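Protein chains in written order, with the numbering used here: chain A, 1 to 439; chain B, 1 to 439.
Please keep in mind that the hints were generated in silico from the structure rather than gathered at the bench.
These numbers were taken from a predicted model, which means no experiment stands behind them.
Just to be clear, a hint being listed does not mean it is correct.
Copies of the same chain look alike in the list, so a pair counts if it fits in one copy or across any two.
Think about it this way: if two alpha-carbon atoms lie no more than 30 Å apart in a straight line, the pair counts; the simulated BS3-like pairs of lysine-lysine are [stated by the list, open to error]: (1) Lys262 x Lys422; (2) Lys194 x Lys298; (3) Lys422 x Lys359; (4) Lys83 x Lys152; (5) Lys422 x Lys152; (6) Lys120 x Lys436; (7) Lys425 x Lys436; (8) Lys371 x Lys425.
2 protein chains.
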Amino acid sequence: MFVEQLQALCRQPSVSAQNLGLYETAELVGKFLKETGFIVEMFSPSKGPPIVFAELPSRIGTRTLVFYNHYDVQPVEPLELWKNPPFSATVDDGKVYARGASDNKGNIISRLMSISAFLKATGTVPCNLKWVIEGEEEIGSPHFSEFITRYKERLTGDSAIWEFGGLDYEDRPLVTLGLKGMLYVEFRVQTALKDSHSARAAVVENPAWRLVRMLDTITDEDGRIMVEGWYDDVRPFTQEELEAIRAMPLEEHSIRDELGVKNFLFGLTGFEFKKAFYGNPTANIAGIWSGYTGPGHKTVLPSVAQAKMDFRLVPNQDPVKLAGKLRQHLVRHEFADVEVNLQAENPAARTPIDARIAKIAARAGREVFRKEPVTLVTSAASGPMHYFTNTLGLPTVAIGCNHAKSNTHAPNENQRIDVFVKGSKWIARVIEEFAKPPT
Amino acid sequence: MFVEQLQALCRQPSVSAQNLGLYETAELVGKFLKETGFIVEMFSPSKGPPIVFAELPSRIGTRTLVFYNHYDVQPVEPLELWKNPPFSATVDDGKVYARGASDNKGNIISRLMSISAFLKATGTVPCNLKWVIEGEEEIGSPHFSEFITRYKERLTGDSAIWEFGGLDYEDRPLVTLGLKGMLYVEFRVQTALKDSHSARAAVVENPAWRLVRMLDTITDEDGRIMVEGWYDDVRPFTQEELEAIRAMPLEEHSIRDELGVKNFLFGLTGFEFKKAFYGNPTANIAGIWSGYTGPGHKTVLPSVAQAKMDFRLVPNQDPVKLAGKLRQHLVRHEFADVEVNLQAENPAARTPIDARIAKIAARAGREVFRKEPVTLVTSAASGPMHYFTNTLGLPTVAIGCNHAKSNTHAPNENQRIDVFVKGSKWIARVIEEFAKPPT
Numbered sequence: 001m002f003v004e005q006l007q008a009l010c011r012q013p014s015v016s017a018q019n020l021g022l023y024e025t026a027e028l029v030g031k032f033l034k035e036t037g038f039i040v041e042m043f044s045p046s047k048g049p050p051i052v053f054a055e056l057p058s059r060i061g062t063r064t065l066v067f068y069n070h071y072d073v074q075p076v077e078p079l080e081l082w083k084n085p086p087f088s089a090t091v092d093d094g095k096v097y098a099r100g101a102s103d104n105k106g107n108i109i110s111r112l113m114s115i116s117a118f119l120k121a122t123g124t125v126p127c128n129l130k131w132v133i134e135g136e137e138e139i140g141s142p143h144f145s146e147f148i149t150r151y152k153e154r155l156t157g158d159s160a161i162w163e164f165g166g167l168d169y170e171d172r173p174l175v176t177l178g179l180k181g182m183l184y185v186e187f188r189v190q191t192a193l194k195d196s197h198s199a200r201a202a203v204v205e206n207p208a209w210r211l212v213r214m215l216d217t218i219t220d221e222d223g224r225i226m227v228e229g230w231y232d233d234v235r236p237f238t239q240e241e242l243e244a245i246r247a248m249p250l251e252e253h254s255i256r257d258e259l260g261v262k263n264f265l266f267g268l269t270g271f272e273f274k275k276a277f278y279g280n281p282t283a284n285i286a287g288i289w290s291g292y293t294g295p296g297h298k299t300v301l302p303s304v305a306q307a308k309m310d311f312r313l314v315p316n317q318d319p320v321k322l323a324g325k326l327r328q329h330l331v332r333h334e335f336a337d338v339e340v341n342l343q344a345e346n347p348a349a350r351t352p353i354d355a356r357i358a359k360i361a362a363r364a365g366r367e368v369f370r371k372e373p374v375t376l377v378t379s380a381a382s383g384p385m386h387y388f389t390n391t392l393g394l395p396t397v398a399i400g401c402n403h404a405k406s407n408t409h410a411p412n413e414n415q416r417i418d419v420f421v422k423g424s425k426w427i428a429r430v431i432e433e434f435a436k437p438p439t
Numbered sequence: 001m002f003v004e005q006l007q008a009l010c011r012q013p014s015v016s017a018q019n020l021g022l023y024e025t026a027e028l029v030g031k032f033l034k035e036t037g038f039i040v041e042m043f044s045p046s047k048g049p050p051i052v053f054a055e056l057p058s059r060i061g062t063r064t065l066v067f068y069n070h071y072d073v074q075p076v077e078p079l080e081l082w083k084n085p086p087f088s089a090t091v092d093d094g095k096v097y098a099r100g101a102s103d104n105k106g107n108i109i110s111r112l113m114s115i116s117a118f119l120k121a122t123g124t125v126p127c128n129l130k131w132v133i134e135g136e137e138e139i140g141s142p143h144f145s146e147f148i149t150r151y152k153e154r155l156t157g158d159s160a161i162w163e164f165g166g167l168d169y170e171d172r173p174l175v176t177l178g179l180k181g182m183l184y185v186e187f188r189v190q191t192a193l194k195d196s197h198s199a200r201a202a203v204v205e206n207p208a209w210r211l212v213r214m215l216d217t218i219t220d221e222d223g224r225i226m227v228e229g230w231y232d233d234v235r236p237f238t239q240e241e242l243e244a245i246r247a248m249p250l251e252e253h254s255i256r257d258e259l260g261v262k263n264f265l266f267g268l269t270g271f272e273f274k275k276a277f278y279g280n281p282t283a284n285i286a287g288i289w290s291g292y293t294g295p296g297h298k299t300v301l302p303s304v305a306q307a308k309m310d311f312r313l314v315p316n317q318d319p320v321k322l323a324g325k326l327r328q329h330l331v332r333h334e335f336a337d338v339e340v341n342l343q344a345e346n347p348a349a350r351t352p353i354d355a356r357i358a359k360i361a362a363r364a365g366r367e368v369f370r371k372e373p374v375t376l377v378t379s380a381a382s383g384p385m386h387y388f389t390n391t392l393g394l395p396t397v398a399i400g401c402n403h404a405k406s407n408t409h410a411p412n413e414n415q416r417i418d419v420f421v422k423g424s425k426w427i428a429r430v431i432e433e434f435a436k437p438p439t
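The following block holds chain A by itself, in its conformation from the complex (with noise of 0.2 Å):
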């Protein structure tokens, strides 16, 4: 029945970044969780597909849990590389095929299947539970915000579980504790009007010169970040996260045969790696693009230049406070003439190690997967969690029913029908716990 319900869910598609079903998806969510129990509110924010909120109140618990899921989807292209239709939801070999099967539908019916059971068993739950799920996270939740302001009373807790989470590619069950911060940046140079004849390069101004010269002042050979005081407020890894790190699986040896690279940068290699990977702030140029980039040669002087950048930040950094950093590196160094068009920013978002729904979820996670699990004191990738353990003050882990293999964000991602269930068995394992008073 639940894997009907995740086919349903999937066969309707929602992708944000084409504006593709949203308000028919939030729907679906919204009449789901209201079947099951929960008391529904739709929250439409000024632009943008409506977040659902929903409660369930216990009836013999006091201590309250949050979940944070998403119904957006990534776009399904290049389609021709699906051995079935998107939104089919096709079950094959224990696995259901669709975009977002894994990503982040499977979690969200993976976790109404625990909370079912609690309802069929005892006609309650044992502990309160919150439930946001949005519409925007595949595009950098734009307007999240302006729902955790609006909600910021109502959604008291004492700790949340984050939208994803699973097992790794050796079906260790993993506990993640954060997410690294982000701010998106888009440059922009304009030197003239129109592109021209590039035999006016001896006198007009070239813009891709211009980007060129002023990217080249943020990082130096090294790639460390060269804008003033960008490192101040970073917070080292406690001697506890460092233990943590230096017990978390390797990831050099696939990244380097994923990519084909020899070496890592700085030389990087086994405890210094993981560090880096996880601890270091990121200054990564997405994109850049001028003139004329299409086959054979063509001379012409743009008359713009662009370019697109992600800053990874870790805890403590304010990516509000490195913006105008940014701003200010730009006029010391007489780039004053360069526009800079803030596109996303986050903060990171980091729970103690020691932080009790940590504990509990790596407890659960031992019983149901039977393997030792793996603790991420941080993953190296980004998102708004830092609104749930920063705003909220909820701590928080990512936990749930994704595998390795389920090819997230590509094509034919899956979810595997057997980490479903034990997934949704090991949410509930935690709910049971954490509703437990505090020893």
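Put chain B on the given structure of chain A with help from the hints.
Same frame as chain A, but now just chain B:
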């Protein structure tokens, strides 16, 4: 009749960038030349369309004049901006509208008209004529050196007339004596087999950073080329050339208005502006691209970054030698991993101001157009003129029947019929004067 011949030639598409109609156009051009009285040969390079080579010996003169033209045209896109279909050759308001009407089919037929007139009036031409018409000028003449190597012994002569030329914005006849050279280079940096999640930027090298850093070593912030020895062989303007430049009309104001720029590089203005425009070697980023360049924000660690650069060269700079210096520069600055792909190379061409053909062209222009001619020591643009000036040793002038608003390379390209006819008379007067023994 010659307007009809121009229409017929314009109605035959010949877009070299799209390999469209080139063989048919070569045949048609050859047919027109044969019908006029030329002995025509087709040279088939190892790749690419035929080069038409035609000869018309004089029965009365011993001197030899060589013409260079091209029968290929630029692509017609964007189609929607044309008032009439680009290959319709519609006559309207005293102009023939067509892609190629001005560049370069108008000049071919206008010259044919001159020669025809001599033959009709006297049964011969006053000097020997040789005519080269290639079909790849618009894509950088990739197979022209093959032709020159093969035909060098047969291309002997006393002077040459280049493909283009005509009237400026004030209908003054222009006599152009040179072109800048060109080194066109594509750079490519690859740091991984495929694009990656940008969370990995903490440990995996980003090729866009590498490219940016490499490019930033090529010029300094004033735009001066920092490749060691780049300016070593630059031949400065002669006193005579400087005087001619002083007399050249100032393009400063029109470029400023067209491009909406407030100041030129280095704050150049007046004589210094002109000297830089015509005399400075350039290093232009014609294109740069890496990663995600679409709308919105996407976080990706690119695996490849590329750039295209055109370097304009001035007399005595050797593009092959400079390409070597560029490679050395990359090694010296530890960018040996950056791939360098040479796409085209041409040295500069410049005919001395006191060349007899230059004086004849100016005098004849004054006579035909009744305006003081303007001698351009060089154009700031490039082309394969050096094969004529340097390899064949022919003093060369660019004169013709173009006008300032002919929309060359743009939509609604056109040929003013009055200039077409007068340009024919200009060439005829030059042939006549040139045929006389030098005094």
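Hint by hint, work out which the structure violates, then give me just those numbers in ascending order. 1, 4, 5
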